[in-house]
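A.B. asks: Next come the chains, spelled out residue by residue.
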Amino acid sequence: MMAGERSPASCYLDERTFRLCCRLFLQHSETIQDGWSWEQIKGTDEGFMKKTVLLPVKSSVLHKQHGCFMQAENMDLLTDDIQANVEDETAGVQAVCEIHAVLRYEYHVLYSCSYQIPVLYFRASTLDGNPLSLEEVWSNVHPNYRQRLQQGPWDTLTQQEHPLLGQPFFMLHPCRTEEFMKPALDLAQAENKRVNYIVSWLSVVGPVVGLDVPLSYCTEVSAPD
Amino acid sequence: MTELDSANRSWTLISAETETWRLASDGKKCVKNQTSVLMAAESTAAPKLQFSPFFSALEAGFWHQLTQKKLNDYHLDESPKNIKGYYYNGDPDGLPTRLTLEFSAFDADGPTPARCCPAPGTLYNTNTLEAFKTTDKKALLDKAADEIWSAIQSGAALDDSSILNKFILLTFADLKKYHFYYWFCFPALCFLEGVQLVQEPRSLEKSFSDTQISSLTAAYDSLCSSSGTTALPHFLMKYTDDSVEVAPLKDLNAFFPDLKKIAVCVYDPCTLPQHPGWPLRNLLFLIAKTWGSQLDVLEVLCFRDRTLQGSRSVRHSIIFRVKLPDLSVSAVCPKSVGWEKNPKGAMGPRSVNLSECMDPKRLAESSVDLNLKLMRWRLVPSLDLDKVVSTKCLLLGAGTLGCNVARTLMGWGVRHITFVDNAKISYSNPVRQPLYEFEDCLSGGKAKALAAVDRLQKIFPGVNAEGHNMSIPMPGHPVSFSESTTAQARHDVEQLEKLISEHDVVFLLMDTRESRWLPTVIAASQRKLIVNAALGFDTFVVMRHGLKKAKEPQSEESSPMSASSSSSCSSTPASTVTPGASLFSNIPGHRLGCYFCNDVVAPGDSTRDRTLDQQCTVSRPGLAMIAGALAVELMVSVLQHPEGGYAVASSSDDRMNEPPTSLGLVPHQIRGFLARFDNVLPASLAFDKCTACSQVVLENYEREGFQFLAKVFNSSHSFLEDLTGLTLLHQETQAAEIWDMSDDDSI
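Taken in sequence, the protein lines are chains A and B.
My numbering applies: residue 1 is where the first sequence begins, and numbers increase by one.
My numbering applies: residue 226 is where the second sequence begins, and numbers increase by one.
It should be emphasised that the hints constitute simulated quantities derived from the structure, not laboratory data.
Computed beta-carbon distance windows for the label pairs:
#1 A/Thr44 with B/Asn352: 25 to 33 Å
#2 B/Glu883 with A/Pro224: 50 to 58 Å
#3 B/Thr532 with A/Gln40: 19 to 27 Å
#4 A/Thr44 with B/Leu484: 45 to 53 Å
#5 B/Pro907 with A/Leu55: 53 to 61 Å
For the chain B half of the interface with chain A, some residues (derived, Cβ under 10 Å), not all of them:
#6 Gly319
#7 Gly335
#8 Pro568
#9 Leu595
Not everything, but these chain A residues come out facing chain B in the computed CB check (under 8 Å):
#10 Ile32
#11 Leu54
#12 Val102
#13 Leu134
#14 Leu157
#15 Thr158
#16 Pro168
Ideal Cβ positions, reconstructed from N, Cα and C, are used throughout, including at glycine.
Just need the whole structure built from these sequences, with the hints factored in.
C.D. replies: The following block contains the structure:
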């Protein structure tokens with residue numbers, strides 16, 4: 001997608017507008033408290049919008065290769081070695097014990113200077129920080145969306161280094177954003193409505209990777225002036 | 226007994242799933258039995274307060290950041306470091322009570338996420354696993370407990386109560402394997418006799434009126450904003466029937482003129498309806514130590530504040546009353562607990578293996594795999610990638626064709642690639658052979674087969690590549706000069722037989738015709754698929770050799786094949802070809818020809834009679850890339866066909882038809898003409914007098930082995946021609962030509 005192909009009814013967003021859209025988005029998130037925040041990279045003026053979602057799952061989902069049971073034998077040895085050092089405090093703990101299997105999804109919204117649009121990065125992990133493979137992520141995406149993800153502009157899922165954190169993330173490649181943003185923006189223009197780019201965009205791309213965007217964003221969040 | 230009781234009572238809360246899990250962990254069966262006995266005994270005892278311990282929750286980013294810190298900052302420094310975690314009281318039901326550490330955990334003075342409470346921590350990162358093991362855990366816990374105790378005694382904890390939530394993290398980062406060992410400790414001071422419940426926990430909505438609840442929410446919010454924060458770990462509360470007031474912890478004496486009955490509130494990360502989370506423990510201790518003597522009953526509000534779908538509620542907070550032991554006179558630090566259990570429920574460390582997302586080699590592998598999977602997901606859903614990726618490829622020749630074939634195979638994710646070549650890299654090679662560089666040519670040049678392997682591993686460490694610097698004996702190139710040359714040839718043949726048997730697909734990528742003969746014979750005998758690529762100046766052929774039918778059933782299949790293929794050369798086999806179709810359409814894989822099937826002369830020394838410029842294979846530079854890539858793509862298409870090498874050959878005529886595989890056609894040959902920028906897809910039958918794949922050659926090879934092969938190497942081409950009947954064919958043809966000519970003359 002070359003700069004020369006840019007259409008006048010622009011699907012592009014300059015970074016300032018991106019920030020303004022995010023700010024309005026975050027203001028609404030603050031009122032409904034659905035967990036979005038702005039993460040500033042320390043010592044720079046760069047940042048991104050972030051949300052973490054926790055999802056309790058059947059622990060069998062995690063037993064295959066993930067989570068805590070890796071190299072169980074080694075850990076048993078290690079535990080035996082160590083246990084002598086720490087008394088088994090169960091007796092004194094006065095604690096309730098629960099077993100939890102929880103998946104953590106992290107969603108990051110970044111601005112891409114080269115594409116001049118927002119990009120959705122995400123990753124999923126167990127509570128110890130062990131990342132899930134893309135298949136495992138998908139197995140938790142709603143089947144309706146799973147099918148959609150394999151068609152149309154959704155097939156652009158790929159693995160990339162997070163440009164600000166330098167860690168591997170999955171991302172929805174921005175190269176086909178125009179395909180679904182243009183009709184939405186054209187329609188808004190025709191109806192003389194001003195829409196917040198981030199809201200429109202995220203409500204389309206979010207659900208396919210398990211991220212819900214409440215309807216109130218569409219009604220409550222305005223476009224920047 | 227009391228302590229044991231309360232601990233065991235806790236097991237009653239474990240779900241059925243947990244029971245199985247506990248049984249699975251070694252030697253725990255007896256514990257379970259014991260539990261049920263004790264549970265029965267417990268039911269009559271006075272109720273004691275139980276707490277839900279913290280679960281450590283680590284973001285992947287935390288491990289990345291720890292790695293960065295260790296590499297760039299800490300190096301071998303094992304001294305304790307200040308870190309920061311946080312916890313949240315707004316979880317929906319079903320989530321564990323967590324202490325979360327993010328990548329920002331190392332920025333101890335940095336901001337805390339909105340409406341979360343910070344917890345100060347100390348990181349002990351050891352340099353060795355041994356140090357991790359031998360670190361005195363009890364001493365670490367005692368030290369932290371002592372700090373908390375001192376802060377309580379001195380009153381410092383009243384001013385800054387965050388000390389009550391102090392935690393310890395002991396880690397060892399094995400950065401060679403990207404394995405991380407860790408053990409959290411959430412120190413809690415213990416009341417020896419436990420805490421007696423005077424009134425069982427109830428939800429706030431059952432204890433407070435709507436007016437009281439909204440008054441509490443408003444009071445809390447206003448205290449938050451006047452404190453310049455979005456979450457208060459501890460605060461005080463007093464209430465009447467229609468209003469609620471709150472105050473900071475330190476205002477206790479002023480807020481409650483009469484200490485007989487006070488209500489203390491804790492920001493509670495737990496979601497259980499009957500139990501407070503861990504942070505309450507040290508707060509109770511603070512209260513007991515500071516005001517214990519004056520308190521009669523303490524009311525505790527575990528403040529839970531969540532917003533679901535935009536609507537906020539604190540109604541599920543829990544409230545209860547306890548009687549605290551009087552600690553005001555005790556001066557020694559009490560017993561403390563807090564090391565986290567591992568996932569098996571035992572006192573022990575946890576570990577996490579992050580090589581998948583941190584080891585650059587693994588990242589390369591998963592990215593390559595993912596890219597291929599995306600091709601499948603996006604474009605060719607029925608693509609069977611495993612078939613391709615798991616194919617073991619033997620590349621005979623590591624020159625222009627070999628290099629390009631190898632690179633294309635890597636692109637397809639093929640992991641197992643073996644090179645055979647006997648040449649060294651010369652100065653002219655690197656510009657055309659993309660696996661070599663100028664440096665490889667120096668001091669005589671490296672062996673191609675070995676240098677190619679090195680380069681593949683540099684390009685992609687996940688490749689399983691192997692190189693064999695060896696020659697392939699050829700017909701018409703005698704090996705009988707001495708015993709040692711014969712022995713060498715015997716060894717080379719055995720090695721080649723072994724290599725072919727260990728691989729799934731054999732690529733013929735050499736620069737002479739006759740060097741392709743031996744692998745053609747061996748692979749035909751072993752029923753291995755051959756993909757052959759050969760270059761002219763601006764023309765090329767890429768083909769799959771016909772794959773003979775499996776040997777076992779000697780009965781019907783093998784004999785009609787040879788019969789029909791012999792007849793096909795002399796007359797049209799009407800029975801096997803549909804009317805209207807040409808002779809060369811719909812040839813099944815087992816009847817397709819090999820590279821030598823179209824020849825009417827046996828392979829011999831093709832370089833002997835040539836001038837120097839003819840010996841060097843000169844071709845247009847793009848040709849090897851085109852042909853090499855096509856060779857791999859042909860292999861992949863064949864592999865996608867359900868019948869593999871037995872697939873009916875597609876021809877140019879099939880270009881408009883429904884393709885037989887998800888990737889399209891499966892031709893027998895691709896012949897390319899660069900001058901015209903054109904490819905055609907011919908198919909041809911196996912020739913019953915073929916000097917390589919005919920039955921008589923294979924039978925002789927299978928019966929006599931090296932003896933037969935040696936005869937071929939050592940003799941002139943007439944040996945194979947006599948054997949296969951080509952000589953006779955020549956004579957007949959010549960006779961026919963003579964008759965034709967005499968006919969012409971007669972006219």
